[in-house]
Amino acid sequence: MITLVQSYFRDYPAESRLWVFMAERKLDEAETKVVKTYMDQFMPQWNAHGNALKGGYEWIFDQFLVIAVDESPAAASGCSIDSLTRYIKLIEGKIGASFTNRMLVSYLEDDQMKTEKLFDFKKKVKNGDLTKNTVVFNNSVSNLSDFWDNWQQPLDQSWAANLLPDAQ
Numbered sequence: 001m002i003t004l005v006q007s008y009f010r011d012y013p014a015e016s017r018l019w020v021f022m023a024e025r026k027l028d029e030a031e032t033k034v035v036k037t038y039m040d041q042f043m044p045q046w047n048a049h050g051n052a053l054k055g056g057y058e059w060i061f062d063q064f065l066v067i068a069v070d071e072s073p074a075a076a077s078g079c080s081i082d083s084l085t086r087y088i089k090l091i092e093g094k095i096g097a098s099f100t101n102r103m104l105v106s107y108l109e110d111d112q113m114k115t116e117k118l119f120d121f122k123k124k125v126k127n128g129d130l131t132k133n134t135v136v137f138n139n140s141v142s143n144l145s146d147f148w149d150n151w152q153q154p155l156d157q158s159w160a161a162n163l164l165p166d167a168q
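Residue numbers (this note's numbering): 1 to 168.
Honestly, the hints are just simulated from the structure, not real lab data.
C-beta: ideal position from N, C-alpha, C; glycine also.
You may find that some hints are simply not true.
What the hints assert, rightly or not - Calculated lysine to aspartate or glutamate pairs in the EDC-like style (CA-CA distance at most 20 angstroms, straight line):
#1 K26 to D82
#2 K123 to D166
#3 K94 to D40
#4 K36 to E15
#5 K94 to D62
#6 K26 to D120
#7 K114 to E29
#8 K89 to E31
#9 K123 to E24
#10 K54 to D146
#11 K26 to D62
#12 K126 to D110
#13 K54 to D11
#14 K126 to D156
#15 K123 to D110
#16 K122 to D110
#17 K54 to E71
#18 K94 to D82
#19 K33 to E58
#20 K26 to E109
#21 K26 to D11
#22 K26 to D111
#23 K117 to E92
#24 K122 to D166
#25 K89 to D28
#26 K54 to D70
#27 K114 to D62
Claimed, not checked - Estimated spans, in silico, between C-beta atoms of each pair:
#28 P73 to N162: 37 to 43 angstroms
#29 Q45 to D129: 43 to 49 angstroms
#30 R25 to L90: 43 to 49 angstroms
#31 C79 to G128: 45 to 51 angstroms
#32 D62 to P13: 24 to 30 angstroms
#33 G50 to T85: 17 to 23 angstroms
Go ahead and model the full structure; you've got the sequences and the hints to work with.
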């Protein structure tokens, strides 16, 4: 299920600012349609102090909403980021699923997406239920280059590597 994320946002510079919003679960077809419809409405009117932002989004694995903005024409401002966050909250209300719960972790197990509470994930890692090769998603990436290189990583190369039993 690993996808080549380098194929996303190919027309954007590597230093483009990026946000990853992970739904608390895989969304169904109807929910996905709502997300895409709302994002298609939001992106063309997204601006920073009246300056249009050159932004785009990708919907990945029916669970990740990834938004990038090329800041060379106009930089995203605090107000524009707030408007994005408010819009994500609006979408959450429409579909009944959170995109902003940072206490959830997604990873691949037997080529299937798993999402669970951070506490449970840590326990699985410490108990050896997940291997060093388990693919973990790093939703804290903040630019396109980092997204391409570090969004999907084997557990032993990820932010969670220190949880592995042999790292103790």
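Structure-based check of each hint:
Taken as a hint, the K26 and D82 pair is broken in the structure, with Cα atoms around 25 angstroms apart against an allowance of 20 angstroms. Simply put, K123 and D166 have alpha-carbon atoms about 14 angstroms apart, close enough for the 20 angstroms limit, and the pair holds. Between K94 and D40 the CA atoms are separated by roughly 15 angstroms; this keeps the pair inside 20 angstroms, and the hint holds. Between the alpha carbons of K36 and E15 the distance comes to roughly 25 angstroms, so the proposed pair goes past 20 angstroms and is violated.
Restraint check: the Cα-Cα separation between K94 and D62 comes to about 16 angstroms, which is no more than 20 angstroms; the hinted pair holds. The straight-line distance between the Cα atoms of K26 and D120 is roughly 18 angstroms, inside the 20 angstroms bound, and the hint therefore holds. Note on K114 and E29: the hinted pairing holds, with a Cα-Cα distance of about 18 angstroms set against a maximum of 20 angstroms. For the given pair, K89 sits about 14 angstroms from E31 by alpha-carbon distance, which is consistent with the 20 angstroms threshold.
Under the criterion of a C-alpha separation no larger than 20 angstroms, the hint pairing K123 with E24 is consistent with the structure, at around 19 angstroms. Taking the CA atoms of K54 and D146, the gap is about 19 angstroms. The hint holds against a cut of 20 angstroms. Distance hint between K26 and D62 is fulfilled; the C-alpha atoms sit about 5 angstroms from each other, no more than 20 angstroms. A C-alpha spacing of about 19 angstroms is found between K126 and D110, which places the hinted pair at or below 20 angstroms, so the restraint holds.
Our distance criterion of 20 angstroms between C-alpha atoms is met by K54 and D11, whose separation comes to about 11 angstroms. Distance check on the hinted pair: K126 and D156 sit about 12 angstroms apart at the alpha-carbon level, within 20 angstroms; holds. Pair hint K123 plus D110 holds up; C-alpha atoms about 18 angstroms apart against a cutoff of 20 angstroms. Between the alpha carbons of K122 and D110 the distance comes to roughly 18 angstroms, so the proposed pair stays at or under 20 angstroms and holds.
The suggested pairing of K54 with E71 holds, with an alpha-carbon distance near 7 angstroms, which does not exceed 20 angstroms. Restraint check for K94 and D82: satisfied, since their Cα atoms lie roughly 19 angstroms apart, inside the 20 angstroms limit. Our distance criterion of 20 angstroms between C-alpha atoms is met by K33 and E58, whose separation comes to about 13 angstroms. With a C-alpha separation of about 15 angstroms, the suggested pair K26 and E109 falls inside the 20 angstroms cut-off, and the hint holds.
For the hint linking K26 to D11, the alpha-carbon distance of about 27 angstroms lies beyond 20 angstroms, and the restraint is violated. Proposed proximity of K26 and D111 is supported: the alpha carbons are some 14 angstroms apart, at most 20 angstroms. Between K117 and E92, the direct Cα distance comes to roughly 19 angstroms. Compliance with the 20 angstroms bound is thereby established for this hinted pair. Restraint check for K122 and D166: satisfied, since their Cα atoms lie roughly 14 angstroms apart, inside the 20 angstroms limit.
For the hint linking K89 to D28, the alpha-carbon distance of about 18 angstroms falls within 20 angstroms, and the restraint holds. For the hint linking K54 to D70, the alpha-carbon distance of about 5 angstroms falls within 20 angstroms, and the restraint holds. The hinted pair formed by K114 and D62 meets the criterion: a straight-line CA distance of about 12 angstroms does not exceed 20 angstroms. Taking the beta carbon of each, P73 and N162 are about 40 angstroms apart, inside 37 to 43 angstroms as hinted.
Our hint of 43 to 49 angstroms for Q45 and D129 holds, since their Cβ atoms are close to 45 angstroms apart. Range check, R25 to L90: about 19 angstroms between beta-carbon atoms, so the 43 to 49 angstroms window is missed. At about 47 angstroms, the beta-carbon gap between C79 and G128 stays in the expected band of 45 to 51 angstroms. The hint said 24 to 30 angstroms for the Cβ distance between D62 and P13, and at roughly 28 angstroms that hint holds.
The hinted range of 17 to 23 angstroms is satisfied by G50 and T85, whose Cβ atoms lie roughly 19 angstroms apart.
Checked against the numbered hints given earlier, this structure breaks hints 1, 4, 21 and 30; the rest are met.
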